[in-house]
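Here's the letter readout for the chains.
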Amino acid sequence: MDVRNLSAVECRALLASREVSAQELVRLYIDRIEAVDGDVRAFLAVDAEGALRRAAAVDATDPADRRPWEGVPIALKDVLCVEGWETTCGSRILAGYRPPYDATAVAKLREAGVILLGRLNMDEFAMGSSTENSGYHATRNPWDLDRVPGGSSGGSAACVAAAEAPWTLGTDTGGSIRQPASLCGVVGFKPTYGAVSRYGLVAFASSLDQIGPLTGCVTDAAALLEIIAGHDPRDSTSTGLPEPIRLPTATDLVGKRFGVVTEYMGDACEPGVRQVFDQAVAAVTALGGRCEEVSLPSVEKGIAAYYIIAPAEASSNLARFDGVRYGHRTVHSDNLLEMYTRTRSEGFGAEVKRRIMIGTYVLSSGYYEAYYGQAQKTRTLIVRDFERAFARVDYLISPTSPTVAFKVGERTDDPLAMYLSDLCTIPVNLAGLPGISLPAGFSEGLPVGVQIVGPHFSEQGLIDVAYALEQRLDIKARPVLGEVRP
Amino acid sequence: MSEAPTTPPPAAGGSPGGWEPVIGLEIHVQLSTRTKMFCGCATSFGEDPNTQVCPVCLGHPGTLPVVNERAVEYATRIALALDCTVGGRTIFHRKNYFYPDLPKGYQISQFDLPLGVGGHLDVELDNGDLLRVGITRVHMEEDAGKLVHSGGVTGRIHGADYSLVDFNRGGTPLVEIVSEPDIRSPEQARSFLTQLKSLLEHLDVSDVNMEEGSLRCDANVSLRPPGGEFGTKTELKNVNSFRFVQRGLEAEIDRQVRVLESGDRVTQATVHFDPTTGGISVLRSKEEAHDYRYFPEPDLTPIELDAEYVERVRAGLPEFPAARKERLMHAYALTPYDAGVLSANRLLGDYFERVAAIVGDAKVSAHWVTGDFAAYLNSAGLEVEESAVGPEALAELLGLVAGGTLSGKMAKEVFAEMIEGGRTAGLIVEERGLGQISDTATLEAVVAAVVAANPSQAEEFRQGRDKVFGFFVGQVMKETKGQANPQLVNELLRTYLAR
Chain A
1434 MDVRNLSAVE CRALLASREV SAQELVRLYI DRIEAVDGDV RAFLAVDAEG ALRRAAAVDA
1494 TDPADRRPWE GVPIALKDVL CVEGWETTCG SRILAGYRPP YDATAVAKLR EAGVILLGRL
1554 NMDEFAMGSS TENSGYHATR NPWDLDRVPG GSSGGSAACV AAAEAPWTLG TDTGGSIRQP
1614 ASLCGVVGFK PTYGAVSRYG LVAFASSLDQ IGPLTGCVTD AAALLEIIAG HDPRDSTSTG
1674 LPEPIRLPTA TDLVGKRFGV VTEYMGDACE PGVRQVFDQA VAAVTALGGR CEEVSLPSVE
1734 KGIAAYYIIA PAEASSNLAR FDGVRYGHRT VHSDNLLEMY TRTRSEGFGA EVKRRIMIGT
1794 YVLSSGYYEA YYGQAQKTRT LIVRDFERAF ARVDYLISPT SPTVAFKVGE RTDDPLAMYL
1854 SDLCTIPVNL AGLPGISLPA GFSEGLPVGV QIVGPHFSEQ GLIDVAYALE QRLDIKARPV
1914 LGEVRP
Chain B
11 MSEAPTTPPP AAGGSPGGWE PVIGLEIHVQ LSTRTKMFCG CATSFGEDPN TQVCPVCLGH
71 PGTLPVVNER AVEYATRIAL ALDCTVGGRT IFHRKNYFYP DLPKGYQISQ FDLPLGVGGH
131 LDVELDNGDL LRVGITRVHM EEDAGKLVHS GGVTGRIHGA DYSLVDFNRG GTPLVEIVSE
191 PDIRSPEQAR SFLTQLKSLL EHLDVSDVNM EEGSLRCDAN VSLRPPGGEF GTKTELKNVN
251 SFRFVQRGLE AEIDRQVRVL ESGDRVTQAT VHFDPTTGGI SVLRSKEEAH DYRYFPEPDL
311 TPIELDAEYV ERVRAGLPEF PAARKERLMH AYALTPYDAG VLSANRLLGD YFERVAAIVG
371 DAKVSAHWVT GDFAAYLNSA GLEVEESAVG PEALAELLGL VAGGTLSGKM AKEVFAEMIE
431 GGRTAGLIVE ERGLGQISDT ATLEAVVAAV VAANPSQAEE FRQGRDKVFG FFVGQVMKET
491 KGQANPQLVN ELLRTYLAR
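Residue numbers (this note's numbering), protein chains in the order written: chain A, 1434 to 1919; chain B, 11 to 509.
Rather than coming from a laboratory, the hints here were simulated on the basis of the structure.
Just so it is clear, CB atoms sit at the ideal spot from N, CA and C, and this is done for glycine as well.
Each hint should be verified, as a subset may be incorrect.
To be verified - Chain B stretches covered by chain A per the calculated footprint, using a threshold of three residues with CB under 8 Å from any CB of chain A: (1) 62–73; (2) 228–238; (3) 303–311.
So here's chain A without its partners, still in its complex pose (with noise of 0.2 Å):
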């Protein structure tokens, strides 16, 4: 069996006919890490004992026993706490860290029978659009070694990208979860702001923190989605779906009205991106989908708006790492001043500590309502341009990225140029907006998303539209990795 064109569902139906048990399907994905990662590096971590003995467990139950997913193997961002389990953000101020409970999109998914594999990359504190801000290594992009994933949840994407897990978990604040779905081919869903419960989720920015899934296709993104979603009482900002997830089956896009945002087709986007964004168009147009221009005059602003927002909130989020109860503390310090600078001087990385010090300015007093004030009315405008937008179209439709995956450290020094890479996807955060990438072509052998945004609690929607463009794009390639290198 080749793991590298199975998806969840297929997983779950094999697991249900027994064709496969769980400890082989477990042990194919092993298989598979073993032989990729060494060139991948998603993974922090493979929890490879308890993931079988987890499996020998679900092979034990008898099938009638058995709850929808179980033993379909996942693996998750390592940003989400699992009792258990490390959890360190990809930071060394958490190295060690042992959370003593289970977020709550991972106890559903326990709930549901899954199986968790391990814990993948991330940019530390899922600050970074690469992957290279990671305290441990750096992830590389499947389709091309000397290439970024993207990120924040570059591990995510190229774990699924590299056929790792079927389907995994990451988080979205500014694009996170589209922007490496794109650059990696694949699958990236971020839900409407509180569709998905916090608890659990190591904060970044609150106010814009999303979980949702990377998978190989559309159809697992809906069941993914339909597993974690629902109200938490232990969110207060959490909402649920108004309805549960049915998987798509639309084969057109007669009736819908798309908007394609004139404000992200300028200079920035890559001619490739360009050219393949016009195939997805015209695509949607051959479904029966109208399309028209529709501007967005605000979002322009809100890379600016963004990284006052995000950070302002990322410093008082993150003053938590102290070193007084848990994760890294510097072995000596004579006083508590210095065991603090100490602590986090040693413990953070060099984007984390940039993001800290801009939050911490943004919100001194004398300086807040020219930054922090300034921006949060910014993030008014944006939402009311989208509001404006969907009172004229359904669904909004863009390119993810701007670009194809860029070189393994060709952004690393000019945090601008790597802050551009969520052009596109940073207003539907600002907005709360859910948002879902999928592959659409290649560019110079590089994978090309498109992004396509709906109204508040659109999941459903969305899910149905982008079904029916992956069916019409039908996307055949997958990377070469391993079995064709010497």
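We have chain A; now place chain B onto it with these hints.
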């Protein structure tokens, strides 16, 4: 609360050296909810360190706060009782600073949209005048943990060998009450606190125990020429009794007067009062104060207190001390003093009303409750609800007095046994044979015998020496072991001696 006229603040105790103190208070009230402000941990006091904790109140990564609805209700009660404007949208903010007792690196508090604003408390001063003290704001927040510093000489973090943190208190719901700078003397500050404490007791929202830290007070104080511009204030921190608030303010005012009269200027600072030496130490200059970087707490949604909710809470408010005092004076014809004592402590007031309802004599009931009963609680250091003598038991005792079974003096002795616990007045009287002799035939026999046995004294009495009468009363009491009904003895003696 009833409207009260604003009286011009009297300069109680006189203005020190011609300066007028300007005082504002910040009071932290620990709410007596069963669970913490943002998690389900218990709030009980005095447990082993770090046993009342969970990932949320320890600030573990990924955890989120959930607002305790009961705490919001209690805070609303306080805000309404202080006549604050309550209702509409109220939100939480993060107050950011680093300290080892603050697990998240920020305290969830309130900032520009607090629960209640613009209230007041009418304070009865020692001279009987009313002082209206404005309440700037009433807001909700969470408490920090507790640090224990080991080694070193100061007991503070500087110089300690190591420090330990107990997070049991961390996350306990607090309400902060901030007063306007309307207070003009340390005595007024103490009156304000005493009456605020009584009000909080009536609201049943806090243990209001300063020693256990469920009520904490900081005071801002500055001096100015009477009626002039405000001077620079200092903050007197962490004073753990009302008496020390008064004494600390007095000491700090003294210090400021000396600074000003030496031609210096008072600098903004936090000051600390040492009750053992009576001295003030200036802790740190406020100029290096933290920038708390307040911003709206993104993990919590705004709370909308609609009119219906506010009215429901308002309808559930108990009678307040001032109103109760009025009612006790009118309904029971009590003196202002008795009514004041009985309304200052909600449970003592309830106790009195229960006793009075059974006995039917409010005056006697008030006399006993504010007298022997209150003295007993004081000396035993007990709260009303901890007393060994319930209102029904005291009423039974007073019934025995009213019915003539016990004299007032004997009732005090019986009461002294009742507080040992377990036995009712009736039982004690029976066991000790204490019943007062009010039977005329029995007493007649004694009186006759006493008169017959002392013919010369009887003769003296008949000659007009009234003083001898006392001798006969004494003899009768001696014969009856003090149990004779004194009134009856008087009557019988006069009859027999006249013969």
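Verification of the supplied hints:
Using a Cβ-Cβ cut-off of 8 Å, 7 residues of the stretch 62–73 of chain B lie near chain A, which meets the minimum of three, so the contact claim holds. With a cut-off of 8 Å between beta carbons, the stretch 228–238 of chain B has 0 residues touching chain A; three or more are needed, and the interface restraint is violated. Only residues whose beta carbon comes within less than 8 Å of a beta carbon in chain A count, and the stretch 303–311 of chain B has 7; three or more means the coverage holds.
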